[in-house]
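Colleague: Just need the whole structure built from these sequences, with the hints factored in.
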Amino acid sequence: MDFFQDINWSAVAREAIKRKVFMLAKFKEFTKDSSFSEEDALRLGREVNRKLAKRYSKNRGN
Numbered sequence: 001m002d003f004f005q006d007i008n009w010s011a012v013a014r015e016a017i018k019r020k021v022f023m024l025a026k027f028k029e030f031t032k033d034s035s036f037s038e039e040d041a042l043r044l045g046r047e048v049n050r051k052l053a054k055r056y057s058k059n060r061g062n
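Going by my numbering, the sequence shown opens with residue 1, and the numbers climb by one from there.
Wrong hints could be hidden among the right ones.
[Said to hold, decoys possible] Below 30 Å or equal to it, Euclidean Cα-Cα: the simulated DSSO-like pairs (lysine-lysine) are:
#1 Lys28 to Lys18
#2 Lys54 to Lys32
#3 Lys58 to Lys28
#4 Lys51 to Lys32
Rather than coming from a laboratory, the hints here were simulated on the basis of the structure. Source: prediction; values computed, not measured.
Modeller: Now the structure itself:
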């Protein structure tokens, strides 16, 4: 940040926060009627991780 002293870092941070809040609001709106629970998401994530690990393990010849 010292290297780029001419940049208004407060404005950069403010815009990043605005974008994050906007995206979180969109996500909340998108998922408001969902019956997909946190437990469902964790189970799906574990299954995806397991299958990806298996896939990449095969590709590496292990």
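Colleague: Is Lys28 close enough to Lys18, meaning Cα to Cα at most 30 Å?
Modeller: holds (15 Å)
Colleague: Under the criterion that the straight-line Cα-Cα distance not exceed 30 Å, is the pair Lys58, Lys28 satisfied?
Modeller: Violated, at about 38 Å.
Colleague: Between the alpha carbons of Lys51 and Lys32, is the straight-line distance 30 Å or under?
Modeller: Holds, at roughly 29 Å.
Colleague: Given the hinted pair Lys54 and Lys32, is their Cα-Cα distance within 30 Å?
Modeller: violated (34 Å)
Going down the numbered hints, you'll see the structure goes against 2, 3, while the others check out.
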